[in-house]
Amino acid sequence: MKLVALAALLATAYAPVQALWPQPRSIETGSSTLRLAPNFQITVNGHGVPGDFLSAVSRTKQYLFGDKLERLVVGRGAVDEPKFAKAKSLQRLTLSLEHGKSFASITSESQKAPEDRDEAYRLVVPADGSGATITANSTLGLFRGLATFTQLWYEHDNTIYTVSAPVTIQDAPAYPYRGFMLDTARNFFPVSDIKRTLDAMSWVKLNQFHWHVVDSQSFPLQIPGFTDLAEKGAYSSSQVYSLSDVRDIVSYAGERGIDVMVEIDTPGHTAIIAQAHPEYVACPQATPWATYANEPPAGQLRFANSTVTTYIANLFTAVTTLFPSTLFSTGGDELNTNCYAIDEPTQAALNATGRTLEQALDVFTQKTHKALEVKGKTPVVWEEMVLVHNVTLSPQTKVLVWISSDDVKAVAEKGFKIIHAASDYFYLDCGAGGWVGDNPNGNSWCDPFKTWQHSYSFDPTANLTAEESKLIYGGEHLLWTEQSGPQNLDPIVWPRAASSAELFWTGPGGNISTALPRLHDVAYRMRQRGVGAISLQPEWCALRPGACDLTA
Amino acid sequence: MRPLAMKLSRVLFVAGHLSGVLGLWPLPRSLETGSSALTLAPTFDVHVNIAHPPSDLEDAVSRTKSFLKNDKLGRLVVGRGATDSDAIKNAKSLRSLELSLFQGAAVKSITEEARLPIGTRNEGYTLHVPADGSSATLTANSTLGLLRGLTTFEQFWYEYAGQIYTLEAPVSITDSPAYPYRGFMLDTSRNYFPVSDIKRTLDAMSWVKMSQFHWHVVDSQSFPLEVQGYTEVASKGAYSSDMVYSPSDVQEIVSYAGARGIDVMVEIDTPGHTAIISASHPEHIACAEASPWTTFANEPPAGQLRLASAATTNFTAGLLASVARMFPSTVMSTGGDELNTECYAQDPQTQADLKATGRTLEQALNVFTQTTHAAIRAEGKTPAVWEEMVLDHNVTLGNDTIVLVWISSANAAAVAAKNFRIVHGPSDYFYLDCGAGEWIGDDVANSWCDPFKTWQKSYTFDPLANISESQAHLVLGGEQLLWTEQSGPENLDPIVWPRAASSAETFWTGPGGNLSTALPRLHDFAFRMRQRGVKAIQLQPMWCALRPGKCNLNS
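Chain order of the listed sequences is A and B.
With my numbering, the residue at position 130 of the first sequence is 130, and numbering never jumps.
With my numbering, the residue at position 420 of the second sequence is 420, and numbering never jumps.
So that you can see chain A by itself, here it is in the shape it has in the complex:
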């Protein structure tokens, strides 16, 4: 008896009968096999169904019939063949909004402030072949339910089936901000790479694309009224995001339940602006770079100069017209003071105004943030703006904690909302060695590599009081691209970035052992859909849940 119980327990713990990612907050599953009927239909109840929702429905059907994922067990799908004959067939999935709710596009729902988005849904798949249903308060919620629904199905010999019917799911995210950040300045990524990334993000219900679009190395963003920045600062004329590219990316994201938060990092990380406006940049390409910047090239905005402040405020205003999001990041990390100490125009401006550098930074920050606020944007900054500098920020400002997860507490104590982006948990570039030249023993500054297991074990409210815990907005994995480009985008990001997607959707405390088979499943499914997610283990392990655990 004892043995049987243990075996049953292990089976539940390890057999990936259902391989959903992120794991729904409430789920009940059975053990019946259910096939998808060849004429399976998805019906949307109601009138005025938005176009982007209908597109999402047809993508869902493509995944259902196109994934062709064999279940990850020894023997693969053939193991399930005997159950096919007796299995009922599901003919229909019906999507409806809760009573009294009316249709709005996924795009408009997903571009609301994160806390105002309604992503909850309820999914029921009976085992007897009667219709499945998804209900939600919004098209965004229905869309999240569709993402879950596609993950239920495997394929073998032209049969599409699940082995865990009936299924009842009641789901909603633990945190409103679940993101991924991509740096497109160190190396450029074509629009197609960004779109593929947005697709993959939507499959794990990520809802925020943090686009670190420009930096000191290149300025690949075309901005109305400021086109000289990209003309002179992009790596080449073909490595620029045009207005129509941006529109394309923003709407592609929106249709997939993802809001795009652009970042124009200021006043540091702006060396490349010197190409078009040398008069605005202090210490451009100054050497040794290590004195003036954290990485080459050096160069920062002369923020003490009121012309520069006005220029950046206007630049921000222009950028706001490109991005419908309520969030806009103004950066604010890694400001180097040596750069300003040797910059005569900065010193002259400080003298003339009688301000300290910190006071000047406060003026710059307030003016540039004001420009955003009048356009209805909420500023987002890196942690130094709160912890290192003495600047006045609107209490609405969200703060990205990146240097260390240890800094979260200090930001919380100042009462700001927090987006977790800690390098010690979520930096995808760590562990690939030093990229600076002539440095044979240089390791990655944030060594070691952050495995999915490490990220997954992150606690969003560690050391926080109950009151402070309410300040946690969510979090994101980040890819800085000094050593990345289109060639390794997928393998460096996926499936690792899915680990924070579950953390911030399902909530922390997930079990690494039971998560791994589900993560294998999502990685295999991503590959079926054309995303180059890596193999986390030998396939031998992927087919034998638990067998490659440390203590197995």
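Just so you know, these hints were derived from the structure itself, not from any lab.
Since the structure is predicted, the reported quantities are computational estimates derived from the model, not experimental observations.
Glycine residues also receive a C-beta, built at the ideal position from the N, C-alpha and C atoms.
Take the hints with a grain of salt, since some may be wrong.
What the hints assert, rightly or not - Partner residues aside, some chain B positions facing chain A, computed with beta carbon under 10 Å: (1) T126; (2) S189; (3) A275; (4) P292; (5) G441; (6) S447; (7) T484; (8) P489; (9) L539; (10) C544.
Fit chain B to the supplied structure of chain A, relying on the hints for placement.
Same frame as chain A, but now just chain B:
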């Protein structure tokens, strides 16, 4: 002209590099270049002045012409090729490259030359590209040397506005490798790689003049090799029926490699790393999938050949001989790493076999090794083994056995002291998988061989460290290795390239290269690889790639 072969020239060489002009990889051992622009004439052609040239040479020439036309690599300077438009306006045009063998050289195929025993291959060549538009010449003692010279020739050229040009004419090169074994190892057992991935890898290897593909084809996790007479091992041990290398796949890979100057050394790792054989032959495997795996193996699943069993020894000898017949190389690896003794201590059959024969485990291992090595020698193969077979075990090996050092670079000297030939594959310099975190589940540890081995780290490897002058001849070369617990087709290119090019230069040009001057050339090569469809990663922001030296530690 800048004489680069001499010590003094090193300074000039630095100047040349920092302007980012010269993009050769590996650097030729003797090189003189000028500073004239030269374009490729639209009618440019390669002439093979050899009676009855072998078809693989003709194919190599076609590939070269295709690369010259299609690479379309913009020179890596700020402003890219536009910067050169004035220089190339009045440049002379090169109409032909003339290939010939030195008088008296026998005409054999590249494939035949590439499969000669290690140390007897002739890869030298001389290449002259005059600045005045008169014909360029490439001469060698073998078609293999001509292939190496073509590879160098391809790397001179950039493209801008339809013009293909170099800024380095005239060029005069006399070149040959410092070491004969310049390899790359791929593990196709932990995860499977389709034939197309292996072929693309072979292409990339040939571009940096690598000579040896070390194919770690099977291991404990899967057995994707269909072996005549032993087909059940793959049919039960491959991940699936479509993840098997058939004899015709092997033939295709071996000939694809040969035509590109690469010999294929297959490895059937024994007696450890063989758990999956139990799927078809449970009688031959001790401690199959025993748990806890940490007691019985370095990674899951546990399972090793019952080396003390005569039946298992015969089975293995037969299997190895059959595999040997699939591969034309003169070398074959029998593995021999990470033997776990606890596995045998707890295996009743092994204990019974030892008792019956009155042998210790080490004595049984010796019999096993001698028998299996004799089997592959009978097929004309020289055995290669991992270092433990020499350093940890007391087995009798033929004097010509090649030893792969992997655990630590510090162990090479001990192998040399035993007078065996060495291939460097140390984990502390050449393991491409290190630094990606632990892959074992329910474990938040780091990679066992942390940290990541950067190209810079690999590039500083000294093949003769702690090896005496009298032992230096034992060093055949080395290889970078990809174990694939966390790799598959999705990250093959980015995890291997351009890093693996770093040892390709160390073992062709010789050690002691300068990291600062190497980096712009390596950028150049990585950009060229991408133009050719291999997904080499960006080593730095493109800002740095266009500004040689600006992103060095002390710039």
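Hints and how they fare:
1. T126: Because about 32 Å separates B:T126 from the closest Cβ in chain A, which is outside the 10 Å limit, the hint is violated.
2. S189: holds, 8 Å
3. A275: Holds - the Cβ of B:A275 comes within 10 Å of chain A, reaching about 9 Å at its closest.
4. P292: holds, 6 Å
5. G441: B:G441 check passes; min Cβ-Cβ to chain A is 4 Å, inside 10 Å.
6. S447: holds, 7 Å
7. T484: Hint on B:T484: holds, closest Cβ of chain A at ~8 Å, below 10 Å.
8. P489: holds, 8 Å
9. L539: OK, holds: B:L539 within 10 Å of chain A, min 6 Å.
10. C544: Hint on B:C544: holds, closest Cβ of chain A at ~7 Å, below 10 Å.
Consistency note: the structure conflicts with earlier hint 1 alone.
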